[in-house]
Every structure is written in structure tokens, then in C-alpha cells.
Amino acid sequence: MEFKDYYQVMGVARDATEAQIKHAYRRLARKYHPDVSKEKDAEARFKELGEAYEVLKSPEKRAAYDQLGQGPRPGENFKPPPDWGSGFEFSGAGPSGTAGGADYSDFFESLFGGAAGGARRGGRRGAPGSDADRGEDHHAKVLLDLDAALQGGSRQMTLRIPEIDAEGRLVSRDRTLNVQVPKGILPGQTIRLAGRGGAAPAGGKPGDLFIEVEFEPHPLYKIDGSDLYLDLPIAPWEAALGATVKTPTPSGIVELKIPPGSHAGSKLRLKSRGLPAAKPGDLYVVLTIALPAATDEKSKEAYRAMAAALPFNPRSRLGV
Amino acid sequence: MRTVVEGTLSGEIFEEHTVLSVDDLCRLCAVERAYIVELVDEGVLRATQGDARGWHFPGAALRRARIALRLQRDLELNLPGVALALELMEELERLRGELRVGGR
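For the record, the sequence lines run as chains A and B. Quick note, this note's numbering runs 1285 ahead of the 1-based positions in the first sequence. FYI, this note's numbering numbers position 30 of the second sequence as 12, with every residue one higher than the one before it.
Next up, chain A with everything else stripped away, as it sits in the complex (with noise of 0.2 Å):
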């Protein structure tokens, strides 16, 4: 098991006040919340963050912990000395789930114990008496390719699914499901799988299974809501005498008509190419002029014959 320093995890000192320790709580909650930050490990600090806090927020769990002293350092095995624990008053009161759906690392369960069955979902306002007699809903968050949206088709899926095990205690489980994405699903939107949650009490109904879908960048397109951008690169001449190109599209190649005068940036757009959402999304081409190298002496002839034959300032916006 690997020692964590709470202190380090919070950046504060050994010695820090209750309210240094707030403070820094508060300051990193709002970097690391997962529907706040973008950092790549985002949830996985405001978890490490929230098991931090919930020790060093407590007088009697910091102390308890203060005891271990400065132990072995970060990430070196660990465990806890015999007569851990005694005199302090904390184990089986379990953490209050300060992180919300608190699910403690080994080794924070190895000193506290796991959170108790009453911890659970820390924001609960006392649930209306009606779902008594169904299971929990269990929500979830995946990385989809975009392919599945435009084509739809079954994607396998490992969801960590919070629990409550047979002792009350809250464990995470990995769920492996292959699920049927709906085509034209859009980033943000949620697949439900009804009866697919927590199990169900007895004569009851089960839960429900929400999968909020978010989507890789995909090689050629970007999305924005159900529209899609694909940039469309094309030859000078392509892009001043007008032409008809091959394009990509999610349905299939498609034979584009380029309006003569067009410059980098001109935005074509395809209706209703983009994702096939319930409304579906348009697809728009954005031009970009590719030029060819001029490597060789007829390359560099006809480049040449061009500036002769064009007065073109390309800085006259410039003023030189």
C-alpha cells in the first residue's frame, strides 16, 4: 500500500491552521472539480484532495495521522504499525463524503475504515419516500469515438460504478457493458439503460444506468454542438478558378463545388452532414490553400511566369 502525504496533496505545511487547511481545500476543490477543471486528472486529484481534507480537517483524524510522523515517504509501501488507532475516537463514524460518492484509497481505508453505508452521496436532502422501493441510479461518464455517433453501433464500455457492499461499505467495481450507441448522439447527451443501476431492494424495481458521452477528437472532424468542421485543403488554382473536388463526409465521399474567388477560410457548408442528431447537424468545409513546393526547375518556372503575369501585393492591406 502506498503512504500518501496529506500535507503535500493540500500544499500545505506540517503545521498548518484549520483555517490554512480550508483555505487550500477550497482553492484546490475549485481547480480540481471535475465539472470545473479541464486538467487531464482532474477527478482523480479532487479525490486524492478530498481524502486529504477529510483527515487533516478533523482534529482527531490529523492527529491520528500525525502520529504515523513523516513515515515512510510518498509511495513507499506502508502499513499501518500495531497500535494504530488507539486512543482516537473516529473508526466506524466513517468520512462525512466531503468528495462526494467518497471513494477512499487503500490506504486512507486502512486507517479510517471504509465510508460507512450512511455516507453515501454526501449532497442527499433526504430522498422522497417514493424510490424506497427501487435501486439506485448509477451514473457514469465515457470517451466515445465520434464514429460511433455518425454510425452508431455497439462500443464496449468500463464503467467504475460506485457500491455499496454486502458491509455497508462504499467499494468501487468496474462494470464492463457493451452498449448499442444511439447514432446521432451529441457530446454532453446521456444514454440511458433502464434497470441497468443498483440492483433492486427486495419487490422493488433496479436503478437505472446513465452514460454521459463525451468524444475523442476525431482525425478529421471538430464538433461544435451537431455541426461538424472539416478543413479542406485545395490548390491555388482550385481556389481562384472555381472547381469540383472529392470531400470526405461522415455519409460517404462527396463531389464538392468549389466557387471560383474563393480564399482560405471560406466556409462551405453541406446541410445536414454533420452528426445525425434528432435535428440533425450541418457539416462545414473550411478551405485551406495548399501550396505546391517548388523543388524543381518547372515548378519554379511556373512560379515564376505567375509573378510575371500578376501585379499582386499580397501586403497592400499594409500599407507597403
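There is no bait here: all hints are sound.
Not everything, but these chain A residues come out facing chain B in the computed CB check (under 7 Å):
hint, residue
1, A1314
2, V1464
3, I1476
4, R1477
5, L1478
6, A1563
Note that these hints are calculated values from the structure, not bench results. By construction, the Cβ of each residue, glycine as well, lies at the ideal position given by its N, Cα and C atoms.
Place chain B on chain A using the hints.
Same frame as chain A, now just chain B:
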């Protein structure tokens, strides 16, 4: 940690097929009605006209309500703070979208 592999499951896009009542939202977020009313009063959720009994919300309200709950709980924000955070997060998301597609 247990790992279970299950067969292929088909679901629906929640936001597209769902109109939520206040009771639905209460059940899905495990909160009391008064909390949902507060969210509406603060403008975090937009409901149809009329009194709370007859309110309806689009499916997307679930995600919003859950984010509001988490922000309130984890960051100890009050409701106006939550409303402001949500608005700023939306604006940020819109700007990020524009950046992603190269600005317009």
C-alpha cells in the same frame, strides 16, 4: 474490485426522449421538491410556466441539476454562486467550441 462483462445493451438518448416533472427530477437527483423549486427560482433550471406541480423540464435539466448539486456540495457554494458558475462554464464551453473549430 469485481469485473463483470454483460451482453450488448441498447439504451435511448435520455435528453431526446424525456420530459421531466418535478417529481422525476427529485427522484433522479435524490433531492426534495423544495430544492428543485430553489433551482428554478435562481434560474439554474428553466421550467414551463405555471405552478410547481405542473412544471416540466427538458431531459438536459437532469445533468444541470446534478452539476449544481455537486458544485454546492463539493465547493460549498450558495445557489447564486452555483448559478453564476454554471453560466460561466457554459460561456467557457461555447468559447472552447469556437476555438476548436478555428474561430468564427
